[in-house]
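Protein chains in written order, with our numbering: chain A, 16 to 123; chain B, 16 to 123; chain C, 16 to 123.
Because the hints were derived from the structure by calculation, they are not lab data.
A quick note: this is a predicted structure, and the numbers were derived from the prediction, not measured.
Note that the Cβ used here is the ideal one computed from N, Cα and C, for glycine as well.
Each hint should be verified, as a subset may be incorrect.
What the hints assert, rightly or not - Heads up, simulated EDC-like pairs for lysine to aspartate or glutamate below, C-alpha to C-alpha not over 20 Å straight-line:
1) LYS28/B to GLU39/B
2) LYS76/C to GLU118/C
3) LYS28/B to GLU68/B
4) LYS115/C to GLU68/A
5) LYS115/C to ASP86/A
6) LYS115/C to ASP86/C
7) LYS115/A to GLU120/B
8) LYS115/B to ASP49/C
9) LYS115/C to GLU112/A
10) LYS76/A to GLU118/C
11) LYS30/C to ASP86/C
12) LYS115/C to GLU120/A
13) LYS28/C to GLU68/A
14) LYS76/C to GLU68/A
15) LYS30/B to ASP49/C
16) LYS30/A to ASP63/B
17) LYS115/B to ASP86/C
18) LYS28/A to GLU25/B
19) LYS76/A to ASP86/C
20) LYS76/C to GLU39/C
21) LYS76/A to ASP79/B
22) LYS76/C to ASP38/A
23) LYS76/A to ASP38/A
24) LYS30/B to GLU74/B
25) LYS30/A to GLU68/A
26) LYS28/A to ASP83/B
27) LYS76/A to GLU74/C
28) LYS76/C to GLU112/A
29) LYS76/B to GLU68/C
30) LYS115/A to GLU112/B
As the list claims (entries may be wrong) - What the simulated footprint calls covered on chain C by chain A, stretch by stretch (three residues with Cβ under 8 Å from a Cβ of chain A suffice, anywhere in the stretch; the number is not a length):
31) 25-35
32) 94-108
33) 116-122
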Amino acid sequence: MPQIIIKGMELDKVKAISTSLVDELQQIIGCPRDYFTIEAVVSSFIMDGQQTEISPLVEIKWFDRGQDIQDRTAAAISRHIRSSGYSHAETFFTVLENSKYYENETHY
Amino acid sequence: MPQIIIKGMELDKVKAISTSLVDELQQIIGCPRDYFTIEAVVSSFIMDGQQTEISPLVEIKWFDRGQDIQDRTAAAISRHIRSSGYSHAETFFTVLENSKYYENETHY
Amino acid sequence: MPQIIIKGMELDKVKAISTSLVDELQQIIGCPRDYFTIEAVVSSFIMDGQQTEISPLVEIKWFDRGQDIQDRTAAAISRHIRSSGYSHAETFFTVLENSKYYENETHY
């Protein structure tokens with residue numbers, strides 16, 4: 016259920032990092048590989064009247080796993096993104112609550 | 016203002032459930048029909064180097080209405096999605112705060 | 016880092032307001048121009064079986080800046096959107112936490 020939502024990164028580059036990123040996050044987080052989703056968002060970014068590129072911007076929606084695991088997750092994501100040619104990445108975490116997350120009719 | 020944000024579901028299937036889903040949610044939540052928005056997100060999901068399909072994943076952004084109404088809302092969404100051919104749906108709720116939600120210049 | 020995420024507004028209209036909106040927000044918020052991102056989301060909105068238009072709906076993801084600056088930010092956004100021909104805009108704020116927001120490996 017960690018949802019990795021990526022903006023501002025080319026689709027082919029997302030594909031290229033996807034396997035080794037999930038390999039590493041699976042170790043850090045300790046959850047099964049198929050819990051992860053990686054979403055490449057299709058949006059337009061605008062500045063001063065024109066479409067523009069942004070540095071990769073990543074949101075992780077997940078259940079809170081504490082500062083240490085979060086730090087290592089952000090570091091793994093940043094390292095993967097920078098290894099694919101970007102100089103800079105921003106990553107932020109949105110905490111989901113068990114009582115508000117449902118598989119079919121049942122919440123966690 | 017309940018915003019129903021759907022990922023991983025075919026647009027035609029979203030259209031097909033949209034009327035009866037809002038009919039039911041209107042009863043559960045007790046708010047006018049035109050308060051709802053249903054958004055079908057255009058994104059690419061990636062796993063292991065390739066584009067992939069995900070099970071429908073639904074986020075509801077709304078003002079908190081308590082666990083019971085939330086449970087029934089999730090159940091209605093899950094039932095509608097599974098009735099359109101998916102075996103599994105995940106639904107989660109993001110709570111918006113009155114003091115941070117504005118109609119034009121005025122917050123709730 | 017204020018992320019201005021706009022749904023339901025034509026791309027050309029987003030472009031048309033982007034310069035003066037950031038000019039004004041820069042004054043209100045007191046942060047550098049290049050901290051802002053304006054994202055025009057590509058989604059389909061559905062009601063009663065058909066694709067539909069919605070009134071512009073804007074989410075701001077940012078660090079909390081207090082009610083007064085938030086009120087003035089919402090007012091500036093609403094005014095800009097209505098000046099481009101829409102009668103109504105809704106704007107809501109999602110607060111990001113310093114300890115969960117990273118530039119590369121380092122959180123705020």
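Numbers of unmet hints, in rising order = 4, 6, 7, 8, 11, 12, 15, 18, 19, 22, 26 and 32
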